[in-house]
Structures are given as structure tokens and as C-alpha cells.
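Protein chains: 2
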Amino acid sequence: MSEKKIPYKIYLTEEEMPKFWYNVRADMKNKPAPLVNPGTLKPMTAADLAPVFCEELIAQELDNDTRQVPIPEEILGFYKMYRPSPLVRAYCLEEKLGTPAHIYYKFEGNNTSGSHKLNSAIAQAYYAKKQGLVGVTTETGAGQWGTALSMACAYLGLDCKVYMVKVSYEQKPFRREVMRTYGASVTPSPSMETAVGRKILAEHPGTTGSLGCAISEAVEVATTTPGYRYVLGSVLNQVLLHQSVIGLETKIALDKYGIVPDIIIGCAGGGSNLGGLISPFMGEKLRGERDYRVIAVEPASCPSFTRGKFAYDFCDTGMICPLAKMYTLGAGFIPSPNHAGGLRFHGMSPVLSQLYHDGYMEARAVEQTAVFEAAEFFARTEGILPAPESSHAIRVAIDEALKCRETGKAKNIVFGLTGTGYFDLVAYEQFNNGTMTDHIPTDEELAAGLAALPPQPQLD
Amino acid sequence: MSEKKIPYKIYLTEEEMPKFWYNVRADMKNKPAPLVNPGTLKPMTAADLAPVFCEELIAQELDNDTRQVPIPEEILGFYKMYRPSPLVRAYCLEEKLGTPAHIYYKFEGNNTSGSHKLNSAIAQAYYAKKQGLVGVTTETGAGQWGTALSMACAYLGLDCKVYMVKVSYEQKPFRREVMRTYGASVTPSPSMETAVGRKILAEHPGTTGSLGCAISEAVEVATTTPGYRYVLGSVLNQVLLHQSVIGLETKIALDKYGIVPDIIIGCAGGGSNLGGLISPFMGEKLRGERDYRVIAVEPASCPSFTRGKFAYDFCDTGMICPLAKMYTLGAGFIPSPNHAGGLRFHGMSPVLSQLYHDGYMEARAVEQTAVFEAAEFFARTEGILPAPESSHAIRVAIDEALKCRETGKAKNIVFGLTGTGYFDLVAYEQFNNGTMTDHIPTDEELAAGLAALPPQPQLD
Numbered sequence: 009m010s011e012k013k014i015p016y017k018i019y020l021t022e023e024e025m026p027k028f029w030y031n032v033r034a035d036m037k038n039k040p041a042p043l044v045n046p047g048t049l050k051p052m053t054a055a056d057l058a059p060v061f062c063e064e065l066i067a068q069e070l071d072n073d074t075r076q077v078p079i080p081e082e083i084l085g086f087y088k089m090y091r092p093s094p095l096v097r098a099y100c101l102e103e104k105l106g107t108p109a110h111i112y113y114k115f116e117g118n119n120t121s122g123s124h125k126l127n128s129a130i131a132q133a134y135y136a137k138k139q140g141l142v143g144v145t146t147e148t149g150a151g152q153w154g155t156a157l158s159m160a161c162a163y164l165g166l167d168c169k170v171y172m173v174k175v176s177y178e179q180k181p182f183r184r185e186v187m188r189t190y191g192a193s194v195t196p197s198p199s200m201e202t203a204v205g206r207k208i209l210a211e212h213p214g215t216t217g218s219l220g221c222a223i224s225e226a227v228e229v230a231t232t233t234p235g236y237r238y239v240l241g242s243v244l245n246q247v248l249l250h251q252s253v254i255g256l257e258t259k260i261a262l263d264k265y266g267i268v269p270d271i272i273i274g275c276a277g278g279g280s281n282l283g284g285l286i287s288p289f290m291g292e293k294l295r296g297e298r299d300y301r302v303i304a305v306e307p308a309s310c311p312s313f314t315r316g317k318f319a320y321d322f323c324d325t326g327m328i329c330p331l332a333k334m335y336t337l338g339a340g341f342i343p344s345p346n347h348a349g350g351l352r353f354h355g356m357s358p359v360l361s362q363l364y365h366d367g368y369m370e371a372r373a374v375e376q377t378a379v380f381e382a383a384e385f386f387a388r389t390e391g392i393l394p395a396p397e398s399s400h401a402i403r404v405a406i407d408e409a410l411k412c413r414e415t416g417k418a419k420n421i422v423f424g425l426t427g428t429g430y431f432d433l434v435a436y437e438q439f440n441n442g443t444m445t446d447h448i449p450t451d452e453e454l455a456a457g458l459a460a461l462p463p464q465p466q467l468d
Numbered sequence: 009m010s011e012k013k014i015p016y017k018i019y020l021t022e023e024e025m026p027k028f029w030y031n032v033r034a035d036m037k038n039k040p041a042p043l044v045n046p047g048t049l050k051p052m053t054a055a056d057l058a059p060v061f062c063e064e065l066i067a068q069e070l071d072n073d074t075r076q077v078p079i080p081e082e083i084l085g086f087y088k089m090y091r092p093s094p095l096v097r098a099y100c101l102e103e104k105l106g107t108p109a110h111i112y113y114k115f116e117g118n119n120t121s122g123s124h125k126l127n128s129a130i131a132q133a134y135y136a137k138k139q140g141l142v143g144v145t146t147e148t149g150a151g152q153w154g155t156a157l158s159m160a161c162a163y164l165g166l167d168c169k170v171y172m173v174k175v176s177y178e179q180k181p182f183r184r185e186v187m188r189t190y191g192a193s194v195t196p197s198p199s200m201e202t203a204v205g206r207k208i209l210a211e212h213p214g215t216t217g218s219l220g221c222a223i224s225e226a227v228e229v230a231t232t233t234p235g236y237r238y239v240l241g242s243v244l245n246q247v248l249l250h251q252s253v254i255g256l257e258t259k260i261a262l263d264k265y266g267i268v269p270d271i272i273i274g275c276a277g278g279g280s281n282l283g284g285l286i287s288p289f290m291g292e293k294l295r296g297e298r299d300y301r302v303i304a305v306e307p308a309s310c311p312s313f314t315r316g317k318f319a320y321d322f323c324d325t326g327m328i329c330p331l332a333k334m335y336t337l338g339a340g341f342i343p344s345p346n347h348a349g350g351l352r353f354h355g356m357s358p359v360l361s362q363l364y365h366d367g368y369m370e371a372r373a374v375e376q377t378a379v380f381e382a383a384e385f386f387a388r389t390e391g392i393l394p395a396p397e398s399s400h401a402i403r404v405a406i407d408e409a410l411k412c413r414e415t416g417k418a419k420n421i422v423f424g425l426t427g428t429g430y431f432d433l434v435a436y437e438q439f440n441n442g443t444m445t446d447h448i449p450t451d452e453e454l455a456a457g458l459a460a461l462p463p464q465p466q467l468d
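Respectively, the protein sequence lines represent chains G and C.
Just so you know, our numbering puts 379 at position 371 of the first sequence, and the rest follows in order with no gaps.
Just so you know, our numbering puts 49 at position 41 of the second sequence, and the rest follows in order with no gaps.
In case anyone wonders, no lab produced these hints; they're calculated from the structure.
Just so you know, these numbers come straight off a predicted model, no measurement behind them.
There's no promise every hint is true.
Heads up, the list lumps identical chains together, so a pair's fine if it works in one copy or across two of them.
Computed cross-link-like contacts, DSS-like style, restricted to lysine-lysine with a CA-CA straight-line distance of at most 30 Å [to be verified]:
{"#": "1", "residue 1": "K39", "residue 2": "K104"}
{"#": "2", "residue 1": "K27", "residue 2": "K17"}
{"#": "3", "residue 1": "K419", "residue 2": "K12"}
{"#": "4", "residue 1": "K13", "residue 2": "K138"}
{"#": "5", "residue 1": "K27", "residue 2": "K104"}
{"#": "6", "residue 1": "K37", "residue 2": "K137"}
{"#": "7", "residue 1": "K137", "residue 2": "K104"}
If we strip away everything but chain G, and leave its shape as in the complex, we get (with noise of 0.2 Å):
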């Protein structure tokens, strides 16, 4: 077969672009564990779950066997204004690195929030609006969640509530005024507005919040309030679910010019993006159809993967979610002032836990200075400024491409591009600066995280 030419960056035509969603949950076999209730320790039922998130997404975070969930139009409308997002054949960096290899990466980083939040978010205000509901209520430390929940609130007409950390909302005063340009209100966390804010400040005057706390405002005032639930932006299955939309553009560019990737990269904090970029992949993998490797990259400050045990823990530390089964690191654990805000989470996906833990993925963790380099050596070379996040992903592929160099083996490599740094640059001057280190947690710290788990639960 004749090759192709491949362009610097392959665009699907509204036509290619996929109208369903991917559930890898459909092709695993061990499925990932159901969220348990921390006072019952059984399996939430959506009864549960109703006073918090919208119906249709219960549905969707308890469906383990529907393989392809149809996108609604609405939402396929929203997605053609920013999507189909580029896959771009890295031809300088390939150039530059003087490897073999051919390095794909998928951009998620080109709408106003800049980053792939935007794809789970839409869908999540859309299933509110059409529940008829007046708003929503979320949580957000960096802001990309924020900022993409905003957008898609102010294109449907939806009240939203953004609970921001308060150490955030003053040292990111610009996150905060996109999110009120798209017309949300934005809260400082912990406030007087929530019991539990209330209660914090009481017991904490002038603490400058934390990403536990502003998830429990969140949900306080998503529950109390008539007309508003809570949303979320990683480690759901929903959220992995919408996030498919990337791995299934990814993997229609690629069949267009006959190219099958040997390396799948992509940062993991929660897991949204990863879960979202492999899925289609994934789903031949566990079908036995083709085999691929599937690099999680994580902080060496927060390792959930690499140091993290497999066991069900709450997802906030506030404590006042459901538990999870995941790698986590316990939620206690206070990883370092690390500058990748997206992956500073202590636990990860159950579906990306399950899957690792089963062994059809590998994982790597990696310093933030090493980081920074191959973002500044990117944006070089490739134009593209990296969020920090993002930033994990290009550290990895330019790993695999130089050992490329080394065997001269023309591999195929694609990593997920999950956003911009326009607000990280408080980071990248440290970089510039030299000021910038690395936060290693000792064992010491590691075992303090994991002897908080909570009891956990006996299923069948």
C-alpha cells in the first residue's frame, strides 16, 4: 500500500466527526468497582445518588454495558463549535530529536478554557438543562474545570456556581475573571455562604482553603439549594465517557492514513483526559483485536500509580463523598505546591485504576523540572506553550522517541495535548528563573496518606 502524505495536522469534516460516545467499561472484564456508601459500605444505587448529580448521568456512571451512547444533537452542535480538535504530526520535534519515530500529538487546548474539560462539561450542563434544572455547583482549584463549566453553562443559560479555592481566587485572579466574563459567579472557598464554610472558618480563621473543602461547599449548596446539583470534572466514569469523544477522533484521524500507534501517552491526575484519549484503543486491546502500549504519566509529587495502594477511599478530603476503589495515596495526602494544579489529586479513575491494576496499562512518574524542560523544549520547537499537565505527556514521549534514536525503530507515538499555559506562568518563570524544585514525598509521608483509608467495604 502506498503511504499517504500525512499533513502537519489531520482535521476530521464534520461528517467524520464521531456521534457517539465510547464505554470502555462495556469491553473490560473485571469491571471497575461500584461507588459504596461510606456509612452503609454498599454499592450506591442511583436513588443515592439522585439528590447530588443529575438522573441521566447516574445513568451513565452506572452503565458498565452500553459500548457506544449516542451523542444528543445539542451537544454535537456545541462540539462543532471548537472540535473536531487537531491531531498534529510533530514533524519539528521529530526533526529536532533526530528520532525515527513518528510523534502524533491530539490538541485539546484550542477553545477559551483551554484545555479538554470543555468536552464533559457540555454534556454535563446539557443533561441539567434538560432535567430542567436552574444551575450547578462545582469546585475548582486551577480553574480549567471552572472556566470550561462556565462556558458551557453561559451557552445553555444555566446558573453556575464555581466554589474556587481561596489561595486560587486570589493568586489566579485571571481564571476568575473568565469564569465571571461567561457570567458565573465565583466564590472564594471556604465562605460564610455554606454551614461548612462556616464551620472551617470558625475552626480555621484565615486558612486559604483547599480543594476538600470547596468540593464540600459544592455539594452543601448543590443539595440545599432546589433546582442545582453538583457537577464534576475527572475520575467519574461519566466524565470518562464524554472525554471518549478525543480517543474517538484520535483514532478516525489515524485510520484515515492507515497509522496504528505502538505508544498511547496522556497525564493522569484524576484521569479524564487519559481515560477519554485511550478508550476506543483500549476497547480493542481488551478485545484481544490489537495490542497497544499505554503510558499513565503522573507527578513524581503526587504518584497515585506508581506509590499508590489499590483500595476504596473517599474522593475529597473533606470525606464527605462516596468511596472509591483506586490507586490512591490517601485522602489526607497534601502533595506539594507542584505547578501541574490538574494532577495534584491523591486518587485516579477506577476505570484507569482497574485497567492498570489488571495490567493493560503501564505508568511513570516524573519530576517537574524534567517537565519543564521538555515544555520549554516544546514550545520551541512546536509553537504550542503546554499547560503543566500536559507537559507530563511530551516529557514521556520524548523519552520513547529518544530510546527510538537509540533503536533506530520508526515506532509510532501519540500523547494527548490537554491544554494551554496562559495561566501558568507564574510557573514558567520559576522555570526561567531557576528557582524551580522537585518535591519527592518520602515513604514515611506516603505511609502516614495511606494508614488514613477508610474501612473498606466487603462486595461480592
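Position chain C relative to chain G; hints supplied.
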């Protein structure tokens, strides 16, 4: 003819992308007036310009006759990294406005520099490299041009010295860090590195600088350091030539679907974007083949077209550069601190000035609160957070679309969306807080600026 369905975004294939720039001067009966030496009041020759600019760029600057200028292969390769930019059909905006108009925008913000400036930056850096130079110098205010030039120089391995207005250097640290990440040296201006900088600092200790001062420093360094030349991101004929890639792509995309624009709208500071966008369309208009309405949009606070004078003037406030014949408010005119930094220039491209003077274009001045209303509406509707500069075009595009709602006419409106507003969130914050104000210069203020025009050359 059956109408083809128009997608949300029209992308060109690599084969369809333009292979030449369009020099609209070839179609102009009245050519733009030549640059003039402020001492002798005679036209600048190539030899006069050689100490400041690269040779090939001087040739392009002076060439009023060659209509199609081939784009060198290396630049075509770089363009493939971030071009084609999408031509977007603003379906959502049309629906929200309830207008029968068809609105299209050419979005140039999908690259790390965040604007169209990269189109000329890579060309200027390429010719500098080709001439065997070591590096280039430039000034930057808001930072879009400096960022674009840094990216281009990183790609080509060329040194890049940016003089950044001191107040911007301190208040816009993020822009500065993007440039440093791309390897540029960024110096706050005025600095102690140049004679002119030391002189200014001695006379005005504590000054926060100005664009005119930064230009003076950049030119001094270029002309006194072996292997360096000075480059500029707007106003010049060569810049409009490079930026014609915007208009050419737009025209090819429209032609593919048989769409003929009725109105073409762009913001205008020095004219780089508008000049590039309209080039091939204006060519047809000048040759009498087709008619288009062309509207330049400028800030009411810096109204060079609508309230300025068509005369020879300095391009810089330091008054060391050649004189250009253009619509100007006087080189001493200091616009109020409008947030559209890229439009705060006292003059205008000589090409656009001549076209406006000869009646081929209209111009409209808009106030910044009205601009930010349009920006916010656009962000919420189309998803993209626009730069304040670009939002001037959005304002008038919306106004024209609303007129269509009145008349019932389905006009085709095309506008240039030059960039994103990620680094302009201080302005958005003011708008969100309701503290943004408008600044319209009084007749007296304008008269003072125009009173200081230099002696006018008497050319044939």
C-alpha cells in the same frame, strides 16, 4: 446552483493554502507615499534603510508593483504549524442576534502568540536569518508582537532582543515570561543599555517608559550591534504583505463555498490585520471586478482615521524614524489608557491611509465599554474570549448584523478576529466590576497633537 452546506469552520487543506503573498499596492492607482528622510525630506532609498532593516524586507517595502510575491518554502513550512486558521461561520451568534445576516470570522488566535502577528514575525525572522544576521531587535507594548517574534526566532535559532515598555514589563509579567520561555531577552525600557535609554533616565528618573522610547532603544541597538537589524510588527508595507495570508486564506475558503462577502470588517491600530485581511478583496475592488464595503474600526480614544489628518508624520514618539504619509493624530499624541494596547498608535499604515483617502474604505470609531459589551456577548455565544483589539471588529460586525435584522437583508459579513484575550483580563475585570470608563479626546487635545506635525515634504 444548489448551495453547499457551510460547516461551522472552514479549513483549507495543505494543498489549498496560499503559496504567495498578495501585494495590494500593485492594484493601487495612487500608490502609498514613500517613506521620507526627516532631515532631507527626500524619499528613503534602499541604501538609506539598509542599516536598520534586512535587505529583502527593504525590497518588499519599496516594491509597489509585484502583485504575487512567492512565500519561501521555509516560511510555508512554519505556516503549516499553525495555519490554516479557521474561517468560522458564526451560527450561534447569528441565532442569538436573530439576524438574517451570515457572519463569518477569520480566527487568528489559535497559536501561542495569541494573534496574527506571527504571520509577519516568521517572515521577518526568516529574511534576517537568510541574510546571515545574528539577531533582531524590536519593541513591544502589550506584548503580542514581541511574543510572536520570540517564537519565530526560537524556531530559526536567531537571537531576539525585545525592549518592553517598563510599565508593561512590570504589570504584564506573564507576557514577559512567554517571551523568555521562547528564549528572547526582554529588557524594560528605558534601560541603561543604550545611550538613548541612559539619556531619558537621566532626564526623567523613574519614568515608566513609552513605546516611542522602546523603539528608539531597539533601533539604536540594531544599528550599533554588528549582525543585528530592527523589525516592526505593523504599519510598514512589508507587514501588510505578509499579513495578506489572512485575506488569501479567507478568500479561498469563501470561494470554495461560493460565498461573496458584502461587508469586510477589521480593527485598525497600525493596520497589520485589516490590511492583510482585505488585500485580495481590495485588489478586486481596485481593478473594478467586484465591490465590497470595507470598514476599519478604531478606538474612539485614538481615532486616527476618523479625526486625524492625512499628512507626513513620524512613526515613533521619539521622532528618530523616517516620516510616513498617513492618517495621524501627531507623533506627540498620547492616547488615554484604553485597554486595546494594539490600537493605541497615533498613525496608520500608509497603504490603508491612501485607500481611505481615495474613498475605498470606511472607518468607524467605537468606545471601549461598547466594545467590551460585544466582547462578552461574543465570548458567551461563540466560546472564544476575544482580545480587546479584535473586539472592536466584533462590535461593528454585531451592529451591521442588527441593521440586517431591521432591513431583513441576508448580507454576508466577514470580520477579522485577530486574537485572544488571555493576557487582557485586567481589562475584563474592570468591565465585570463596572468600573470601565470611556475616553474621547477633546478637539483641543487633538489640535495640540496635530500642531506638532513635522515640515511636510514637497514630492512630485
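These are the hints, each one checked on the structure:
{"no.": "1", "hint": "K39 with K104", "in the structure": "neither (42 Å within a copy, 44 Å between copies)"}
{"no.": "2", "hint": "K27 with K17", "in the structure": "both (21 Å within a copy, 18 Å between copies)"}
{"no.": "3", "hint": "K419 with K12", "in the structure": "within (17 Å within a copy, 40 Å between copies)"}
{"no.": "4", "hint": "K13 with K138", "in the structure": "between (44 Å within a copy, 28 Å between copies)"}
{"no.": "5", "hint": "K27 with K104", "in the structure": "between (37 Å within a copy, 25 Å between copies)"}
{"no.": "6", "hint": "K37 with K137", "in the structure": "neither (34 Å within a copy, 58 Å between copies)"}
{"no.": "7", "hint": "K137 with K104", "in the structure": "between (48 Å within a copy, 18 Å between copies)"}
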